[in-house]
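Number of protein chains: 2
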Amino acid sequence: MLVLITYDVSTETPEGRKRLRKVAKECVNYGKRVQNSVFECIMDSAKCFEVKEKLVKIIDKDEDSIRFYYLGNNYKTKVEHFGVNNNNVDVEGVLLF
Amino acid sequence: MLVLITYDVSTETPEGRKRLRKVAKECVNYGKRVQNSVFECIMDSAKCFEVKEKLVKIIDKDEDSIRFYYLGNNYKTKVEHFGVNNNNVDVEGVLLF
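Just so you know, the protein sequences line up as chains A and B, in that order.
Going left to right, the first sequence walks through residues 0 to 96 as numbering that gives the first Met the number 0 numbers them.
Going left to right, the second sequence walks through residues 0 to 96 as numbering that gives the first Met the number 0 numbers them.
Next up, chain A with everything else stripped away, as it sits in the complex (with noise of 0.2 Å):
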C-alpha cells in the first residue's frame, strides 16, 4: 500500500534541528521523497507500524507532528504533481504536469 508521510519538526533549537535531520534520515530508509517534508512509502502494516514506532520515539510530541496518509494499494490515480521535480520523484503512475 501507498503511505504517505508528512512532518512538521520544529527547527528553532539545535536539537530541534537533529529531530528534523534524524525523521528526515528515517524516512529514507522506508520511502521516496518528493517534498521537503513529504514521503511516499511502499510498504505492508508491518513495515508501516515500524517506521512509525521509530518516528515517534524520534520527535518531540509538544513540538513536531507527524502525520500517516493511508492511500491503499490503488493509489496511482490518487496523486498528482505540478511543477519543479527536484528529487527524482519516479513513483510508478503519477501523474505529472
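Since copy identity is lost for identical chains, a pair holds within one copy or between any two.
Capping the alpha-carbon separation at 16 Å, the derived lysine to aspartate or glutamate pairs in EDC-like fashion look like this:
id, residue 1, residue 2
1, 24, 49
2, 17, 62
3, 51, 79
4, 17, 59
5, 53, 25
6, 21, 62
7, 60, 14
8, 60, 79
9, 46, 25
The hints are simulated quantities; they were obtained by calculation from the structure and are not laboratory data.
Following the hints, position chain B against chain A.
This is chain B only, laid out in the frame that chain A set:
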C-alpha cells in the same frame, strides 16, 4: 472527498517567499492547515479543479511543486496524527495520538 494539498515553494528569493505566502493564503480558502505545507480540504471535484488552477498559476514550475492526494469520501480511517496539534486540527474522525 478529502483532498490533501502539499507544497514545496522555494524561499530563497523574495519572489519565492511571496509565492509561498500566496499559495498558503489560497489554500486557507479551501481547507484546513494541518502542517506547515500541508492542507486537508474537503471539497468536490469542481472546487478541486478551481484550487488546482489557482495554485498552478501562482507557483514557479521550475522552482516549486504542488502535490494533490485524493483520499476519497471514506477518509476517516486513512489519516493518523502524532505529536503537537498547533493548527487547531480537528478534521473529524482523525486519529490523534
